[in-house]
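Chains as they are written, first to last, in this note's numbering: chain A, 70 to 310; chain B, 70 to 310; chain C, 70 to 310; chain D, 70 to 310; chain E, 70 to 310; chain F, 70 to 310.
Treat the hints as calculated values from the structure; they're not laboratory data. It should be emphasised that the depicted structure is a prediction, and the values quoted were computed from it without experimental measurement. In this text, a Cβ means the ideal position worked out from N, Cα and C, and glycines have one as well. Do not take every clue at face value.
Covered stretches of chain E (in silico footprint by chain C; criterion: 3 or more residues with CB under 8 Å from a CB of chain C, positions within the stretch not fixed) [what the hints assert, rightly or not]:
1) 91 to 99
2) 143 to 154
3) 238 to 252
Derived EDC-like pairs (lysine to aspartate or glutamate); straight-line CA-CA distance at most 16 Å [said to hold, decoys possible]:
4) B/K91 / B/E282
5) F/K227 / F/E211
6) C/K265 / B/D278
7) F/K293 / E/D283
8) A/K151 / D/E146
9) A/K151 / B/E146
10) D/K294 / D/D78
11) B/K91 / A/D172
12) D/K74 / D/D251
13) C/K100 / C/E305
14) A/K151 / D/E158
15) C/K74 / C/D251
16) B/K91 / A/D247
17) D/K151 / A/E146
18) A/K293 / D/E282
19) F/K224 / F/E211
Next come the chains, spelled out residue by residue.
6 protein chains.
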Amino acid sequence: MRPSKRNPDQKRVVTMTRNVSKHAEGSCLIKCGDTHVLCIASLEERIPPWLRGQNRGWVTAEYGMLPRATGDRMRREAQAGKQSGRTQEIQRLIGRSLRAVVDLEALGERQITIDCDVLQADGGTRTASITGAWVALNDCIEWMRARGMIAADTKVLKDQVAAISCGIYNGTPVLDLDYLEDSDAETDSNFVMTGKGGIVEIQGTAEGDPFSEDEFAQLMALAKKGIGELVTQQLEAQPQD
Amino acid sequence: MRPSKRNPDQKRVVTMTRNVSKHAEGSCLIKCGDTHVLCIASLEERIPPWLRGQNRGWVTAEYGMLPRATGDRMRREAQAGKQSGRTQEIQRLIGRSLRAVVDLEALGERQITIDCDVLQADGGTRTASITGAWVALNDCIEWMRARGMIAADTKVLKDQVAAISCGIYNGTPVLDLDYLEDSDAETDSNFVMTGKGGIVEIQGTAEGDPFSEDEFAQLMALAKKGIGELVTQQLEAQPQD
Amino acid sequence: MRPSKRNPDQKRVVTMTRNVSKHAEGSCLIKCGDTHVLCIASLEERIPPWLRGQNRGWVTAEYGMLPRATGDRMRREAQAGKQSGRTQEIQRLIGRSLRAVVDLEALGERQITIDCDVLQADGGTRTASITGAWVALNDCIEWMRARGMIAADTKVLKDQVAAISCGIYNGTPVLDLDYLEDSDAETDSNFVMTGKGGIVEIQGTAEGDPFSEDEFAQLMALAKKGIGELVTQQLEAQPQD
Amino acid sequence: MRPSKRNPDQKRVVTMTRNVSKHAEGSCLIKCGDTHVLCIASLEERIPPWLRGQNRGWVTAEYGMLPRATGDRMRREAQAGKQSGRTQEIQRLIGRSLRAVVDLEALGERQITIDCDVLQADGGTRTASITGAWVALNDCIEWMRARGMIAADTKVLKDQVAAISCGIYNGTPVLDLDYLEDSDAETDSNFVMTGKGGIVEIQGTAEGDPFSEDEFAQLMALAKKGIGELVTQQLEAQPQD
Amino acid sequence: MRPSKRNPDQKRVVTMTRNVSKHAEGSCLIKCGDTHVLCIASLEERIPPWLRGQNRGWVTAEYGMLPRATGDRMRREAQAGKQSGRTQEIQRLIGRSLRAVVDLEALGERQITIDCDVLQADGGTRTASITGAWVALNDCIEWMRARGMIAADTKVLKDQVAAISCGIYNGTPVLDLDYLEDSDAETDSNFVMTGKGGIVEIQGTAEGDPFSEDEFAQLMALAKKGIGELVTQQLEAQPQD
Amino acid sequence: MRPSKRNPDQKRVVTMTRNVSKHAEGSCLIKCGDTHVLCIASLEERIPPWLRGQNRGWVTAEYGMLPRATGDRMRREAQAGKQSGRTQEIQRLIGRSLRAVVDLEALGERQITIDCDVLQADGGTRTASITGAWVALNDCIEWMRARGMIAADTKVLKDQVAAISCGIYNGTPVLDLDYLEDSDAETDSNFVMTGKGGIVEIQGTAEGDPFSEDEFAQLMALAKKGIGELVTQQLEAQPQD
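The task is simple: from the sequences and hints, build the whole structure.
Below is the structure:
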């Protein structure tokens, strides 16, 4: 029995609300149960120095947590004077995941930055960030298209991308760990997949004992199911009133 | 005529929603027009080293802005590796303003930190932070009282505190500048006052030409009116559904 | 009775000595009682990047304290690896105050930096810095005029600017707090005014109980008197032997 | 055909030399082809603050690259003033991988740090670091046992751990990518497994197009073969003359 | 002919004024021609952690330059966020030089920090700092003796210490280089010696061509003469009016 | 009797192996007894900004120590976030010493950086770095000559440069201190000399009592002997198998 009473293959209630920022070119507030992440896309007419002259754009991500997003208040990274290794690892993952479905040539010499800021955390913030970030990115690209910056028939996004975690909890493979489950799980794996089911990124970590190939295969099957549901929800997301 | 069509002595529509965080001991989302600030109070059973052994507590504040809270994306302070002078100035102001109405002895040897994070900015973020922070602080203290950490009849908060900005726009003193007005104002003053009308902090700055004593008196009168309305609203704030 | 035996409206003995640096384009050593600040103006033929192409110059300030300027030695900021929030707040105030009386177009595309370094502190270092900085700035501009960089009849400085603190000590409003008084004062306000009496900046803070409008008006009256005396002294300042 | 002329399931020539440091409690120089990593174990009689009073020890890792370990010289991280996100990600991975096979209670209240410094890089530095680090860690524990710090029959290491990368190169799954192959590979996966074949960590990344479940299964099979060879070599490693 | 018209063995006019700080336990303003350094001794009843329990004290130094001490304004180190290599090298040298004549056991478990801040620079700031620092240190120790912290007959300072630079200018060995000479000199050597003529520190650097043993011997002879004069002046230094 | 049983004028066994890096333009692994330093020369087609347009190149050095190069593990500088004063002092010394024998005009507008990384330390790491760095630098220049970047008859290196330490141990001047001797020595001096015997840099420090001119002369005589041997060995260094 999961603490959340969910079935092993049942993910949390997920909502995605678009257009939640007055200023941004694209935005999405994603809630996966009690995990709430604000994903904001910003378009800039400049690219990183190392990309100049290549007729390509860039998509990148930054990640942050409000200090009291968690049960105990954590030190504000701006005050600590640096981003933690965990923060950097996560924002690199979000950026790579998004770029896997972007045609950077089609984007032109521009950069889109997706800021994923966790307002409240209850496990799975990195996977929620990826899922919500794609919605914000998609809206940013449509914003550009509406202004003629991208031609009507140019496909910048090659596919959708979404992510979810799975783990082995009390010996049973389960989908979409919340914080309570995650703290106790023997294994924690994050899966990033496309709308068509291709694998973009896999991160599996044995927290306690090593896991077997068979266990890993069961986790991947759960992830496929969950991500299949998420990509449907991405397309149904509505703007804020 | 103000760009916002408001009368000179009319502040923006303000809403304050309490209890917006699953984890925090007190919280308030304040919206002053399009300026939205999340104010979160965190209680910690520790005090700054320089306060040890004095049988007193401490109340402090931290301030941050999401990178795209503004019209153009700003660099994330955690990535820049330091908080700007502006950020430090604002969080020092919020902390001083709150402490002016707190009986630190009555608090006991504990620290309450109020994190004020700007989700969306349209002028007046520092004054909105102070007004919302008091609501979060008050809820944190009632949370402690409910758990017997503070006696039923102990008054930790001596008064309310709220803040608003005023300025001279096109030659006319006006209340509660939004970003468009602020960019053009000749003078920008922030007033922090208590529920009983005492002055806690005044910061007046001539952006262009110096201002006169008489002009300053008119700004203060506007501020008194606006803060009078805000302290009423603080007491009426409702928790999130 | 003030610890310094001064009358409530009596400021400390102030001396300003010009031309105290072999290298600088303008300089002033200001002594307000035991508070000694070295104000050095440096002209540079470059402007901040965000000002390029606007045919305007810039005036800015930096502030520092020698580690043992105070009663107890403080950590050297260069070794701590950053400037404190207090330091940044003060240098921003000095810069804003000076710019309030500068015609930046008349200056041309150049930057003048005023370094205010406190050699010895006894309260009121920020206001002494502003008063002394104006003298150094004025000499720097005359240095430029003497070399034809500014035309004989171009008015770069629109007015003088000076500053002083006032506070309520033992229930009485008093002028120009020294360290001993400042530590005990109920209220501490800094006033920055022009030679013609216009208000440039007001910063009033209730250290203990909030203060009333009437008390604030008395502080402002004291400040006007004190600044009136300082602007006279600025014009009488003599160069070092 | 691989640029290295190796068969798809053929890893590079690997050598591990133990006892290469005059000072350290355990050390191993691992060479995987032209990738050379110095792995040094240091025992310290102290533990991280958050672990105090739990009767457990800690094993952690740090990772660095000499500036010219790579084809182009990279900036020295000590001079840049911070470790890159990549460096932090790698050292967290090495530490987690080692801890998966350590009985921290059996270690006692001590910390072992494994420094993995890349002298020369040609792809696969993180996996080589893990494989070499286990050898250094094992020697460190035997050093402690020889001095009576660990009882003769206490098993601190529950198993061996080693790592290797696999990828899809020109459409073919291949084992142990070198730099040339890695730059061109469509997919890059790192596998960390124990001596008994349990999975400790999986990191799979699609560099270009997403990959399929079937492709991933082939990579895992290659990894099992390669790691099986590495754990044998770990036990055969000889000390320096 | 030297630009300064001095004879080869003639140092600049040197003055040392003691007791120039209201707060410090010892202080000296040393002027070597146009090089002016404020040397301030601060006594603290604490020692560095690594010295605890050894019944010894510590003497250390910090060095800084006001941004416009030099011909061109240099960036403020507190703003740059770090001390330059040059600054660190110099403050280590000053500290070592002073400790060479201090009996640290006789000092007791206390630390004296000498802050050497260059108000104006014209070459030779590090050697002037050492010479002035000894005077401040001596006064600090007498301040302690007067308060019974050091017994009347305890010798804390074993000797005096002073320093001067020499160099080869236009082929001629000369004493006490000023900035103009230093910029052109072929060789620049700094000598630190005790009152009795013992050598404490020698730093010789060939700026252009290497120098010979014979040349070096001539520089050392000049240094001995100059330092002999300085140690006499140290004892004659008078307090400020 | 020295702990190492060496005669007073006997240096440690020194070996230099060239061509130890697959990527670098020049490299040398120098072993002075148990002190091992990897010296790697990197050629870059860019120069520091302040050197632009002068038709000259630049040679610089960086220095680092692996954390466990020493008896106790030291904190990794990349993690501490800055290079220590000692590190900066040493890398400035290495750079100056090399430049003393380089014709920067003949080098052209290019920069060569010599990274000196200490793999294992037993005293004398800075002098070993200089001696080995010259070998790496020489190979880098010959690499350039072989590719026509420097003409066959252009002399870029005007001479050799090497370094060694001397000190007074138990009252006797001795050559080439190892760590054990260095910890106990009364005096520690580093000498940098050219192949022709010119003095490039002298750094003499009295660790305990001041030393006399005569003692210093004896140290210099030992250094001449040792450096004479080192410059011979530099020319005999062989590439790695």
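To see whether the hints hold, each was checked on the structure:
| no. | hint | in the structure |
| --- | --- | --- |
| 1 | 91 to 99 | holds (count 3) |
| 2 | 143 to 154 | holds (count 8) |
| 3 | 238 to 252 | violated (count 0) |
| 4 | B/K91 / B/E282 | violated (47 Å) |
| 5 | F/K227 / F/E211 | holds (14 Å) |
| 6 | C/K265 / B/D278 | holds (12 Å) |
| 7 | F/K293 / E/D283 | holds (14 Å) |
| 8 | A/K151 / D/E146 | holds (14 Å) |
| 9 | A/K151 / B/E146 | holds (9 Å) |
| 10 | D/K294 / D/D78 | holds (8 Å) |
| 11 | B/K91 / A/D172 | violated (39 Å) |
| 12 | D/K74 / D/D251 | holds (15 Å) |
| 13 | C/K100 / C/E305 | holds (14 Å) |
| 14 | A/K151 / D/E158 | holds (15 Å) |
| 15 | C/K74 / C/D251 | holds (15 Å) |
| 16 | B/K91 / A/D247 | holds (14 Å) |
| 17 | D/K151 / A/E146 | holds (14 Å) |
| 18 | A/K293 / D/E282 | holds (11 Å) |
| 19 | F/K224 / F/E211 | holds (11 Å) |
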